[in-house]
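From first to last, the protein sequence lines are chains A and B.
If you count by the working numbering, then the first sequence holds residues 101 to 426, one letter each, in order.
If you count by the working numbering, then the second sequence holds residues 130 to 477, one letter each, in order.
FYI, nobody ran anything at the bench for these hints, they're computed from the structure.
Since this is a predicted model, take the numbers as computed values, not measurements.
All residues carry an ideal CB built from backbone N, CA and C; glycine is no exception.
Please note that a few of the clues may not be correct.
Computed from the model, here is a short list of chain A residues facing chain B with C-beta under 8 Å [as the list claims (entries may be wrong)]:
1. Gly139
2. Ala178
3. Phe181
4. Pro188
5. His189
6. Phe198
7. Pro199
8. Ala203
9. Met205
10. Pro206
11. Ala208
12. Gln233
13. Arg246
14. Val315
15. Phe399
Non-contacting residues of chain A with respect to chain B, defined by C-beta distances greater than 12 Å in every case (computed) [as the list claims (entries may be wrong)]:
16. Phe113
17. Lys161
18. Ser173
19. Met179
20. Gln219
21. Ala243
22. Tyr322
23. Asn323
24. Leu369
25. His372
26. Ser375
27. Met414
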Amino acid sequence: MGTISLNKVRKAFGDAVIIPGADLEIKNGEFVVFVGPSGCGKSTLLRLIAGLEDMTSGEIKIDGNDVTDTPPSGRGLAMVFQSYALYPHMTVRNNIAFPLKMAKMPQAEIDQKVNHAAQTLNLNDYLERRPGQLSGGQRQRVAIGRAIVRNPKAFLFDEPLSNLDAALRVNMRIFIMQLHKDLGSTSIYVTHDQVEAMTMADRIVVLNKGHIEQVGSPLELYNKPDSLFVAGFIGSPKMNFVENDTIGIRPEHIEISEKRGEWQGKVLLSEHLGSDTFLHIDAGARGRLTVRASGENTFAPGTNVWMTPDKSRMHYFGKDGRTIRK
Amino acid sequence: MARKISNRRKLLTTIIAWVIGLLLFFPIFWTAVAAFKTESDAYTLPQNWLSTPWTLENFGIVQERSNYFRYVFNTSVIVILSTLLGLVFAIPAAWSMAFAPNPEGGSKISSLGWLGIVLGSLAICFVALYFNNWKPTNAVIGILLLFIFVVPASLWAWSRNTHNMLLWMLSTKMMPPAGALIPIYLIFNRNGLVFRDWGWANWGDYNIMDSFWGMVPLMTLLNLPIVIWMLFTYFKEIPVGILEAARMDGASLWNELSRVLTPMALPGIASTCLLNLILSWNEAFWSLNLTNKYAAPLSFFISEYSSPEGQFWAKLSAASMMAIAPILIIGWFSQKQLVRGLTFGAVK
């Protein structure tokens with residue numbers, strides 16, 4: 101089991117309000133990603149759930165029990181830190197066994213569970229080493245091993261991949277998703293990387309300045325963003341905003357042609373990714389637009405082009421930045 | 130680009146370092162030489178530095194006159210127990226200041242609140258006086274000191290932020306110890322205990338003068354500010370994330386301190402212990418004033434040889450050598466650790 105519910109959770113340091121009031125229900129077995137720009141309060145929200153920070157007011161329930169005043173050790177959650185936070189004076193074996201020792205499990209059972217976790221994480225050859233002798237990816241696996249070994253109610257991930265290089269990050273991302281599928285436990289994952297959010301999440305929670313802007317599945321957020329902020333944050337490259345930020349259109353929903361179209365522009369720059377080409381176009385009064393074209397397109401900088409936006413995929417925003425649905 | 134240091138400059142620095150080193154070492158050298166001379170040779174000026182006949186008799190006489198090993202034992206008890214007791218208080222204190230600092234200060238106490246605290250303290254003093262039939266005995270003086278100074282001082286410290294608290298602790302080391310001698314002497318002295326006359330707590334025979342019961346806590350308290358400061362700078366170097374990981378892993382406060390923090394900070398704790406050991410070993414002011422037989426440490430042992438009947442240089446030197454020998458040896462073998470401890474946290 102692992103349902104988590106937040107009720108009017110508020111956090112302030114003196115006069116500085118970090119989180120004005122967050123309400124959220126996380127279902128058992130869900131993979132929820134908190135995403136937002138740096139300083140939006142996503143890590144603080146995670147640490148409040150973990151119990152590492154005290155709430156100013158509000159209530160957090162885990163499996164229906166109020167844990168507002170429970171210390172982190174009593175909440176039954178496991179956390180994977182960005183810095184790995186391994187115990188440098190212990191071997192990998194003892195690092196993974198630490199939570200079990202704290203739970204006063206018999207030694208035989210500890211050994212069996214540690215070996216099983218090491219098997220899962222491919223750490224068998226490193227059990228007697230110390231964290232200082234491991235590579236970044238190996239350390240990250242030890243940190244995950246320490247989290248999974250005692251079957252927590254939920255996993256909390258605090259930007260766990262941001263210290264890894266790009267190739268390893270993709271592998272670990274897939275590994276964590278596979279692990280989540282196998283274990284089936286609730287996971288909360290904090291990241292500032294919207295690609296990670298889109299690929300991993302069952303549901304994404306977009307945070308902006310401590311407010312929860314929108315909660316929804318990746319495709320919901322992509323197709324029906326509730327606000328200018330969410331529209332701009334989800335999707336890569338970023339959505340184009342025209343007409344004083346009242347209309348938004350994604351780069352992939354604009355058709356490009358050399359002959360005819362609605363909007364005229366001049367190619368400034370093209371980025372060739374092989375499968376796609378991203379064109380940065382100066383569209384005069386409409387400003388700079390990004391357009392996704394197929395990989396074969398080879399518009400040279402300076403070429404005059406015509407663009408036709410897909411009307412049905414346009415997003416309309418009010419002055420307050422909220423979406424107007426038509 | 131690394132700065133190039135010319136050979137001549139290197140030579141100059143080396144010479145200056147040697148001169149300063151020799152100047153500092155000279156008194157110890159003199160003591161060491163004098164310890165092996167006869168009384169009259171040791172006293173002669175100008176000294177015949179190396180030409181006198183050497184003798185070991187001073188050491189024999191010193192051991193005969195005063196039981197050296199008893200003093201070594203006393204010093205060891207005071208030094209070791211006070212260091213251990215100090216760690217018991219200093220580790221949690223430094224832990225809380227390093228990992229849960231309070232930038233705002235505790236609850237602010239208004240001026241009206243302070244008035245209440247002072248008046249309340251005075252009222253308690255009057256109650257104490259009343260129970261004592263209006264006689265201002267040592268007991269009442271003790272209570273007065275406690276409530277007029279100690280309670281408001283600790284409340285003040287509690288209302289401050291961590292930074293101020295650390296500075297305040299250090300400031301206690303700036304006060305000349307003689308300033309606290311009289312109250313401490315009264316507390317140590319027989320009849321000095323606060324509740325002495327109250328019947329329901331008859332600790333009448335209580336006397337911590339010249340006892341380990343007095344010297345160990347005293348030595349702990351003397352060095353506690355420095356111990357907390359040193360541990361604080363060490364703990365500051367440990368990423369708080371590791372302690373948070375321990376909390377997430379279900380570690381209780383005790384396990385967090387004993388199984389994660391302490392082993393990680395072990396080098397720092399060792400250096401701190403070493404410094405504390407040296408400070409308490411060499412402590413003389415309080416030892417000379419508050420002990421004379423049962424709990425007298427080595428500093429008292431040395432002072433025995435500086436008597437009104439005259440200065441016995443050779444024996445005094447022999448006693449000094451015997452007193453500093455153990456700590457000198459410990460210091461020699463732990464130089465590396467010690468230097469690291471003293472300069473730790475200085476660069477960053």
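Status of the hints after comparison with the structure:
Because the smallest distance between the Cβ of A:Gly139 and any Cβ of chain B comes to about 19 Å, over 8 Å, the interface hint for this residue is violated. Interface hint status for A:Ala178: upheld, as the beta-carbon distance to the closest one in chain B is roughly 6 Å, under 8 Å. Evaluation of the A:Phe181 hint against chain B yields a held restraint, the C-beta minimum of about 5 Å falling below 8 Å. With a least beta-carbon distance of about 7 Å to chain B, the hint placing A:Pro188 at the interface is held under the 8 Å criterion.
A cut of 8 Å between beta carbons decides the hint on A:His189: the least distance to chain B is about 5 Å, and the hint holds. The interface hint given for A:Phe198 is met, as the beta carbon of that residue sits about 5 Å from the closest beta carbon of chain B, less than 8 Å. For A:Pro199, the shortest C-beta to C-beta distance to chain B is roughly 4 Å, which falls under 8 Å, so the interface hint holds. For the restraint placing A:Ala203 at the interface with chain B, the shortest Cβ-Cβ distance is roughly 6 Å, inside the 8 Å limit, so the hint holds.
At a threshold of 8 Å, the smallest CB-CB gap from A:Met205 to chain B is about 11 Å, leaving the interface hint violated. Look at A:Pro206: its Cβ only gets to about 16 Å from chain B, farther than 8 Å, so that hint breaks. At about 19 Å, the closest approach between the beta carbon of A:Ala208 and any beta carbon in chain B exceeds 8 Å, and the interface hint on this residue is violated. Checking A:Gln233 against chain B: minimum C-beta separation of about 17 Å lies over 8 Å; hint violated.
A cut of 8 Å between beta carbons decides the hint on A:Arg246: the least distance to chain B is about 7 Å, and the hint holds. Given hint, A:Val315 at the interface with chain B, is violated; its Cβ is 25 Å from that chain's nearest Cβ, farther than 8 Å. Given hint, A:Phe399 at the interface with chain B, is violated; its Cβ is 49 Å from that chain's nearest Cβ, farther than 8 Å. Its closest Cβ contact with chain B, about 9 Å, brings A:Phe113 to no more than 12 Å, contrary to its assignment away from the interface.
At the 12 Å boundary, the C-beta of A:Lys161 stays outside the reach of chain B, the nearest C-beta of that chain being 19 Å off. Consistency note on A:Ser173: stated as away from chain B, yet its beta-carbon is not over 12 Å from all of that chain's, at 5 Å minimum. Once the 12 Å rule is applied to beta carbons, A:Met179 is inconsistent with being away from chain B; the minimum gap is 4 Å. With a closest Cβ-Cβ approach of about 21 Å to chain B, A:Gln219 is found to remain outside the 12 Å limit, as its non-interface label requires.
Distance to chain B contradicts A:Ala243 as a non-interface residue, since its nearest Cβ pair spans about 8 Å, not more than 12 Å. Interface exclusion of A:Tyr322 from chain B stands, the closest Cβ pair being 33 Å apart, more than 12 Å. Chain B leaves A:Asn323 outside its interface by the beta-carbon criterion, the shortest separation being 36 Å against a cut-off of 12 Å. For A:Leu369, the shortest C-beta to C-beta distance to chain B comes to about 40 Å, beyond the 12 Å cut-off, and the non-interface label holds.
Every CB of chain B is more than 12 Å from the CB of A:His372 (nearest about 41 Å), matching its label as outside the interface. Residue-level check passed: A:Ser375 sits 39 Å from the nearest beta carbon of chain B, beyond 12 Å. Consistency note on A:Met414: stated as away from chain B, and its beta-carbon is indeed over 12 Å from all of that chain's, at 45 Å minimum.
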